[in-house]
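Novice: Chains as they are written, first to last, in our numbering: chain F, 63 to 339; chain Z, 12 to 301; chain X, 6 to 454.
Because the hints were derived from the structure by calculation, they are not lab data. Idealized CB from N, CA, C, for every residue including glycine. Mixed in with the good hints there might be a few duds.
[To be verified] If you want a taste of the chain X side facing chain F, the calculated C-beta under 8 angstroms gives, among others:
(1) P76
(2) P90
(3) L265
(4) N266
(5) G296
(6) S297
(7) G299
[Claimed, not checked] Here are the simulated BS3-like cross-link-like pairs (lysine-lysine), alpha carbons at most 25 angstroms apart as the crow flies:
(8) K200(Z) / K169(F)
(9) K168(X) / K113(X)
(10) K168(X) / K156(X)
(11) K109(Z) / K74(F)
(12) K115(F) / K161(X)
(13) K71(F) / K295(Z)
(14) K73(F) / K109(Z)
(15) K61(X) / K180(X)
(16) K249(X) / K434(X)
(17) K185(X) / K161(X)
(18) K441(X) / K137(X)
(19) K445(X) / K426(X)
(20) K20(Z) / K169(F)
(21) K295(Z) / K75(F)
[To be verified] Calculated Cβ distances over 10 angstroms to all of chain F for the following chain Z residues:
(22) F63
(23) W76
(24) I124
(25) I132
(26) P151
Each chain, letter by letter, is given below.
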Amino acid sequence: MSQLIYQLKLKKKAIFILGVVLSLLYIAPFLMVFLNSFKDKFEVILNPLNWPKVLSLYNYRQAWQEMNYVRSFLNSLVITTLSVGSLIVFSSMFAYFLQRNRNKFTKTTLFILVASMIVPFQALMIPFVAIYAQFVNLNNRLALIIFYQGFGVAMSTFLYHGFIAKVPREIDEAASVDGANDFVIFWRIIFPMLKPITATVAIVNTLWIWNDFLLPRLVLNQASQTLPLSTYGFYGQYVQEYGQLMAGLILAVIPIIFLFIFLQRKFISGISAGAVK
Amino acid sequence: MMLKNPLIKKYAYFGLIPSIFFLSILAYPFVQGAYLTFTNWNGFGYTKVIGFPNYLHAVQDPVFWSTIWFTVKFVIGSVIAVNAVAFGLALLVTSKLKSSNVFRTFFFIPNLIGGIALGVIWQFIFNNILTGLSHKFALPFFKSSLLGTTGGAYWALILVTVWQSSGYMMIIYITGLVSIDNEVLEAAKVDGASALRTLWNIKMPLMVQAFTISLFLTLRNGFMAYDVNLSLTGGGPFRTTELVSMHVYNEAFSYGHFGSGQAKAVIMFIFVALAALLQVGVSKRLEANS
Amino acid sequence: MKNTKKLVALAISSMVGISLLVTAPAHSAACSSRTKFTMEGTIKREIEQQFMSAVKDYNPSQSCYTLEVYPNHPSSDTFLSIVTPKYAAHNAATIMYALQEIPQMADKVIGWNGSPLAGLVPSNLLAAATIKGKIVGIPSTVEAFGLLYNKAVLDKAGVDPTKIATRSDLEAAFKALQAKGFNAIHFSDVWWSLGAHFMNEYFTHAGATSSARLKVLDSLANGSKNLSNDPTWNDYVATFDLLKKYSDNTNPTFQDTEFLNSVADLASGKTGFLFQGNWAEPNLLQADPKGSYGIMNLPMNNDPKGYGNDSIAVGVPGYFMIDRIDSTAAQRQGAKDFLTWLYTSPAGQHHVADAAGQNGAGGMGFIPVYNGFKVQAATYMAGAIAKYVGANKTLEWVNTYFPAGGQNIYGDLGQKYMVGKITAADYAKGIQDAWKGKPKTWRGEAVSN
């Protein structure tokens, strides 16, 4: 018996060590970037593994300025919050309508939405640019938020649809007998029951929109740029400001990592809710 | 008038706005794009419908075919690698260690960061850190950057994709693993089944759904990968590691071939659709069997 | 085109002393309201702050126009990806700046023929921007590429760069460097260096006159050229082989960061030569402020009197164009006024030619090309280039005529040849295939889809 317990302990220890090693591998690239974020560009190239010769915050000051950090951060924040918020509102209502009124029209609509999820953005980017050219490169954050509705509504509606199917119809019916109208039924009674899947929709879309590069690059310009765009600014025609780029990367990833650490439980349960249809 | 029908009225309230967004922003450009491939469009405008020359031009381009082939290899490699690693991580994290929550956090963090930043970080790791380590300790490998050769760059793309998305898929697998009824596992233990047997014969069949979702997501991400490609390899060396998305973008905006670029985009969509149908079909059959 | 070199000489010698009289642009009396006009980007990202400080001086210097600059895009965005949507939206910027997309832009921008500003530019510098007789744009500056060297290293090895006249002289210099324990040369693998600049070494030596060189382009576009039979091509390949043999860049990464590696390599004093252009100078000085770096010719064959063996490639990196479709007459007038101010007023000239300093201080560090420039170019390499120009020892940038995206393809081929993935014959064939059927923009042919 003690032999068995000993073996079990050994196994646990092995798994633990494996976990530690893997965790280090997953985090090591960030540490290397952090280490090099204090060096000038030639030091980065020549001695990437050494400690910085001088510990100076120069790169961070430069990156902060060059990225226009506060404005880029606020742009990212506003665009992500409003886009995700309205995606939740529109797609939850849409999904509710489609799920509760099953007919040829709603079934076809759902099918088209699901099919559209595999349309690669590149397949419509070029005509998209031509059609919506007047909103492109015009510093138009509202246009970007609306574009995200168009590109995000299919996936979000699909997620909600699957979840609403598990909410018994009797709940709607009981409420409607009490005389509540559709809006009230949905917002007062149904929507609160959708919390787990709302978390999923929020997380999936936040990760996408916060980090998106291609669409903001088409729609925004430097004056309204988001964090991912601003980090690309360290690339010149010939030369990269490598040290400042490293500092910029650290600055760019800090907000989302903090958000994750604070909301970790919600993140994990949110993804799980989406995984069991 | 129309609003008299209660269903239409309901639709107007609940579905009209998202429908308009969807149709105008996604569906219309898609249809318009397909139409433009049959015209002599040059990015600034078109004057006439010309039929199939854009498609002819697209399929006659050997670089396009090597791009498709490279993309297919990338999708196969990344789907297998991401899912294998993610499943392994899920097993590790669910093995009832005290520190498993901490591990889970670490594994998930790369997923929070956009592809552009990840590509830039890893480009630096491959070009400077790994070669630096190799020189410092006279290692027989990583003497030169992985990104310098086509084969090396392929594995670099796979590695970064695994690093980026295995955390997310891990959570889906964790969900699948914890949803398995404990009684079933207890019964297997009583029957004296080995851990490996339990995993293969009991756990995995009971979580087919998690595999379906995870496979679909990795497949889709693989075909649509762009950000990491742009910032990690930039298509190099010698334009041999361009994935389809990047190829389409370059064709239009670097070379000015708007018509054939869009034709390639349409062909790309057909490929993705076929792969998705195939995967969903196979998975459905597996789910039905299990 | 006979006197082209003299004209460049004239233009550039003006900056080393001879100044010509220029009449200032006639400003109409104070305007009642300001017209806003726009510019796409700041020429290049590296000089963004210096360019913006020129704009900051320009706007209050007169009362008629306000220039607003659209911010730079990420460098991975191509010119076409920026301007096509804007034209579709009828919202193009008034001033745009490009090089190889000039043929695509020819019918969308104004002609500069007969304008005072174009009159100040040596006509050969306008050739690349002239489509069917229409001067589509005016140049920003000239840049030069050739062999850069670290003076201190060459001195220690006893190599005198002015004595290198042939390819075997160059090999002797390489050997002398290696004998003293230095690396001979860093042959950069970066795609734009191989695809545009090194590739140009073939095209610019392919004929001693402009018309002869353009005939080579004709025959490539017609598909009738067999490069392997061309002695200049074989010299080009032999030069490639020589640089490769003595290069310390033995494990190419083919990454854009390679440029920084190559600069660090030359500046650190490990290596004697680097094939690059004068745009590397600010970075070299940043890596080692005490270093002194020169630029010299790359001899292509063993004939000391061979065409171009004593010359460096000098050309215009980009042209300013003024939109004529979406802009108003007043906006176009404003655009001309700004460019005239920038290149002819004393304040503007300082912004153009003063050396770029740290953190956006100083000017753009351009080599002046407009007649009548009173401000001298500030850097050592600019002076060296001016000497080549003054001595009539310049080679044409035929790469200006490369079709859009062409330099990427030639760069890929050069990279493959560098690591031995293809043979010289494959290299030649790849170049021929890439050119075949391309529109002859140098003959004014339109670019179709």
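Novice: Where does the structure disagree with the numbered hints, that is, which hint numbers, in rising order?
Specialist: 5, 6, 7, 8, 9, 12, 13, 15, 19, 21, 24 and 25
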